[in-house]
Structure formats: structure tokens, C-alpha cells
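Undergrad: Protein chains in written order, with our numbering: chain A, 1 to 293; chain B, 1 to 468.
Mixed in with the good hints there might be a few duds.
Unchecked claim - Under 10 Å between C-beta atoms, here's a sample of chain B residues computed to sit facing chain A: (1) Asp31; (2) Ile39; (3) Ala327.
These aren't lab readings, by the way, just hints derived from the structure by calculation. Predicted model only: the values in this text are computed from it and were never measured. Note that the Cβ used here is the ideal one computed from N, Cα and C, for glycine as well.
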Amino acid sequence: MTTREPHVPMFSSPDDVRDRLAATGYLADDAIATTVFLADVLGKPLLVEGPAGTGKTELAKAVTEAADATLVRLQCYEGLDEARALYEWNYRKQLLRIQAAGDGQKWEETHDDIFSEEFLLARPLLTAIRRDDPTVLLVDETDKADVEVEGLLLEVLSDFQVTVPELGTITATNRPFVVLTSNATRELSEALKRRCLFLHMDYPDAEREKAIVLRRVPEVPEALAEQLVRTIRTLRALELKKSPSIAESIDWARTLVALGIETLDEAAVGQTLGVVLKHASDQARAVKELGLN
Amino acid sequence: MAADGLIDRHVAFVGALRGAGLPVSLAESLDATQAMAAIDLMDRRQLRAAYAASVVKRAPHRATFDRLFDLWWPPAVGDGSESEGDAADIDDMTEVEPADLDAMRNALRDQLREVLLSGDDEALRRLARQSVTGLGRTDSPPGRQSWFTYRVLRALSPETLLADLLKAILDGDERGGLAEKVARQMLAERIKKFEEYVEAEVRRRLAEDRGVEAIAKTSVKPLIEQVDFLRASRDEIAELRRRVYPLARRLATRLTAKRRLGRSGRLDVRRTVRASLSSGGVPLTTIHKPHKPHKPELVVLCDVSGSVAAFAHFTVLLAYALREQFAKVRVFAFVDTCDEVTRFFERGGDVGDALARMAQEANVVWFDGHSDYGHSFEVFAQKWPDAVTPKTSLLILGDARTNYRALSLPSLRSVVRHARRAYWLNPEPRQYWGSGDSASSSYGDVIPMIECRNAAQLEEFVEQLLPV
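Extracted from the complex, chain A is given alone in its bound form (with noise of 0.2 Å):
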């Protein structure tokens, strides 16, 4: 195995993890904890999986902040190519610098500068490695992108190095931490799956979830989140198209807030389920379960 670029952990331990994390307000569960320190000190990249909603990409942007990082995000999405993803040459900026030349230039010379950092598009990957900082690469929504995209990520985040034939082989100074997610509206490939550490994040559990509400909606009385965390429980049971994650819970939380509503009772849920349930057959759905009306 080459060795690897000298990486320095963000982090000491888990409990680190969870303390750091929960001040910039991100509430991490053992596991989430656990496999971050994991991540930092193995110089994995982090795949993290669950259904929208539940937080992964707030994980990102929290390890971002607590380890003082800068984050770079690629948005994945159909048809993203390495144009987008690595690099390009600024063809039209190049294009004017030959026009520019006249006639009196040499080609080599041309040649040798338009393909120069000058003219090179940088794209996130790219941005990412070049990075001498403590940096954060966020790949989101992974599932979203063309398996010849993982192909690159594969390449990209084994080595953490690029090639750029005119430029030669660019390698990290200091390796990025890495969170790649996705909603697994496909499988990933085995091979980018075996390289990285796996979280799956689902909803969590009844007390942790209270906690999150009253963090992030810190107005609403600790009586109505646990009222409110114990309802959407409740929603989450029934067979829906769309179950509620928390950022529903955090939106209902504000919601409540907003209208003064002190108690979640028959009238305040049915006013405000539009908030936690998207479909309108959902919402069918839980007025009859629930006997709202």
C-alpha cells in the first residue's frame, strides 16, 4: 500500500466527537459519535445512508464547524460529469488568449501558458485536495449521480490525488475529511461502498429526537416537544407514502411556536398537519387513524 498523505485527526475520541458536535448544536447518537472519530482517524471516507430529512447533511456542515474546517460541497445529479466534478479548462478565456496573442507568439509558448493554473477551472474535488487547511469535502446526495461518477470518486478518494495530464499529479498536503450521502434511491457500487465507513441514519429515537427539537426550536415549552416527538412516533407507525423525519418535527416545532399553540391536542394537529405530511392522501390517512376530525 502507498503510504498514505499525513492526516491530522480533528478529533481524540468519540466523546470528543459528541461534546464538539453538540456545541455547534448537532445531537449525536454512540454510533454517529463513534463513526466520525472512526472516519477522522482512519482517513476513511464516511458514507452516510437514510431517508431524507434525517440529518445527514447537517452532520457535514457540523464537523465542518466543529473542526473549524471549510466545507466543500458537490451536489451530485444526473448527468454530473467530471467537467463539473474535477476540473476543466476555461476553453473561452483560452480561446482569447490566442486571439490576444496575434501572430507574433510563438505556439509553444502559447501552448505552455494557456494550459496553466491560470486557465484551470477548479472544481470541487479538485478544490478539495488542493486544500492545505482542515477541509470538509461534503459529495451529497450520491445516489443521485451516473455510476461512471463513482468510478472518479473511487479514483479520487483512494489516492487523493488527481491527474491532470497537462499539470501533472496534484496530491493532497492534507487530506480532506470526507462525507458522502446518499437517500439509496439506488444501490452504490460495492467497490466505493468496501472503501468507505458506513453510517445509516434513520429516525432517531424518542428521547434524542426531544432533545433535537428543543435545541433547535429552543421557544417551544419541553411539554409540547415531548407531546409533539410522542405524535409524529405515532404518524411515523402508520403506513404512509412519506413518513416524517425531523426536520418535519423541527418545522412543527416552529410552526407551533408561531401560532401559540400550547398543547397538541385534536383541533392543533389537524390545523397543522399539512406542516408534518406532504400527500394529501397521507393526510387522509392519519385524520382517519387518528380521529381528528
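We have chain A; now place chain B onto it with these hints.
TA: Positioned in the frame of chain A, the structure of chain B alone reads:
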């Protein structure tokens, strides 16, 4: 634990994971050892997280992993009194008098009531351990199973505490409202957790008696997508139904990917010229119009009699979740006669409702409520002769168990001839086809019959059915 012992245990554990169907590579096994070196080994939660992060790369595998982890890295030894110190008040329980046993049962029940009310997870776990130590054991000859979950749960019967607990929580509030539903759900969750803790505890004690390997083999459940439709429990069916939408999304994503890889349409001159302006009129990239996929109509004809209802429901739900991929979806249900049930699945309708209404309102029983494929096919061909056209993909769902009634092969043959494509999905294992009253082989001559026993096989089939 000595280093050698630790490595042996690690290797055995990884072996067991592989045995249970988790694809753990050598590299991942090594990652786990590296991770173990970095954490506090005495903290079991850290150890679990470290293992999970390095060797479990698919969420559905997690339940299997947790079971095996609890066996290989048990939270306690024996009755747990050495490591915990708080289970010691229950001594060796094999010798207790029946009266004492009763007293202990009541004491544990009182504790359980309190813990269920407070929701303290750690206390619940401890109580499960005490209960198993006190109540779960039988004196049986060596070599026989000596610990039983049902003994503990029958003695404590947590469900019977429910009414009492509800009263305590609602505290005079009126019954039947939202508050009760929410409290009920919360208590049900805690009781389920207690039952799981008891089960885990019993497995641990059994493993101490008979060896970890023996217990590991019997205690691992199949993955949910491998569960046979015909043998699925109610919980498993509910779990499967919950997976319909993620599954549909996954299939749709894969389909879009396949379509994009296919040939693209004609050159889009306007957009190509527009794009070339930014590179001085040189068309560096050409832009093509997207290729329009052909969308077939889907007609599903499903047997909804008791034996195969679960399979039919799941498949119909999946067809509906995928309806954007088809020009039109029509569903017909039959038991011994046939009726169209498409109306129950109209856009935005509720899934559970649709299935319930389909069972109650649709006119699917004509004679005695036993499957009659022959009559159903005849009715279908007579009443909806225009349902199947050359644009239609026809899907028949059923086990082809005809109760020795007429087959009406000609009717089916003419329907199949009209369809663009036609398949029969049979949830029975292939080796039973043609045995007893199964008409699989006769029908199989008319229409391609495909074995579809579990969600994995269904997914595979649907993927190749979807139009590229």
C-alpha cells in the same frame, strides 16, 4: 481478553456474518480490526458502532448484524451479576418454591409496570435480564433447550398491563382521542422493545449453554426481500408494504439511467447553435432531443383469494407506484369471478384503504369464494373484451391452484394472443408447480409463467418488464 483470543473471536464473528449472507470482504474485516485499535474496547456501544461502520454496508443487513453481535460480544455473562451488580438480588432460581416463584413474578410485573411507564431504556434492559434469569429456565435434560422466551412473556404478559398503564398516563383525560392513540403507540413500542430484549437475553443464555455457533445458525431471520410471499407473517407483510415506494423509486431511477444510455434522439439544432455562441460560433458540443420512450399499457389480473392475497396486494401496489412509467394501468381482481378494481387506486388515494375497499366492494365472489381461474378468465374475456389490446402488457398474478375446476384455456389463449406481452407471476416455488390441483403446467403452455416468490425476484422481473 488476550490479543489472540480477540483475533480468534473477530475471525469467528466475521465468519458468522458471512454465513448469514453479509458480504464481508477481507479488506472490510481488516478495517474493523483497525477501527477496534482506535476505540475504547471496553465500551460495547463503541465496539458495535465500529463494527457496523466497517462491515455492514447495506441497511437491511443491520438487524442480522445486531443479532450476531449480541451473541458474539455478549453484554454480560451468566445472570449478569458480576458485571452489573444489580441483578444479584435474584439468586440461583432453579430451586425456588412455587410460592416464591409467584411472589417473584408479581415483583417483576410491578417493576415492569414502572419501567414501561418511565420509558428508561437501560432499566428495561436490566429488567429483561432479571426476568429471564428468574422465569425463563426449565429443568430439562442436558442437550435440550433450557431457556424459553415464551415462559417469560407468558408469566409477565406485558400486554395485560396496557389498560392500567394507559389509565396512568392519560390521567383522567377522555378515552378514544388522539392522546390515547399516541400513548398506546408509545407503550406498544416499549413493550415490543422489552420483548426484543427478552429474546436477545434468551439467545445469549442459550449460547452460553450450547455454544455461539449453534445458536447463530437458528436465530438469524431471512432478509425481508428474501421472505416468501406465501409464508410471510403479518409484520413482514407490513414491512414489505412499507418498502413499496422506495422500491418503486429505485426501479424508476435505474430505468432513467438505462434510458439515458440508450440512443438519444435527433439533433436539437436551435440549442446547439445557441450553445456554440459562447465558444465563438464553434459548436464544441452537440445537443440532442431526448428520446421518447414507448409507454405500454399495463393490465394486471390478480387472484385475491386468501392464499395469495398478500402477494397480489404487494404486486398491485408496486404496479401503482410505478404508474408514471406506463401509459395506463388497469387492475382486475378475481376469486371465482372477475371485477375491475382500478377505481380504488385512483391518483392520491390511500393504499390501505384501496386494498380494504377492493376486498369489500369489488364483485369478485360469484359462487363459493374458492379460486376459480377458468370462470374468472371467461368473465374477463366476455365483459372487458377491449381491455387487452396490442399495446398492452398483461400480467396475471396467482398460484394457479384451481381447486380442480375447469381451466378455460381457450379464453386465456385468446386474451394472451391479443396482448403485446403477457406474463404469469406465480408465488409458489417452482418444484410444486403441477402438483395436486396446480394447473401451472397447463397454463404455462399458454403464457410464460415466472416464479416470483419474494420481493427480490419481483424486483428483478419488474425491471426487465419496464419499457426502455
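Undergrad: Each of the hints needs a verdict: does it hold here or not?
TA: Now the hints, each set against the structure:
Given hint, Asp31(B) at the interface with chain A, holds; its Cβ is 7 Å from that chain's nearest Cβ, closer than 10 Å. Among the interface hints, the one on Ile39(B) holds; its C-beta lies about 6 Å from the nearest C-beta in chain A, closer than the 10 Å criterion. Given the 10 Å rule on beta carbons, the hint for Ala327(B) is violated: about 23 Å separates it from the nearest Cβ of chain A.
The structure does not agree with numbered hint 3 stated previously, though it agrees with all others.
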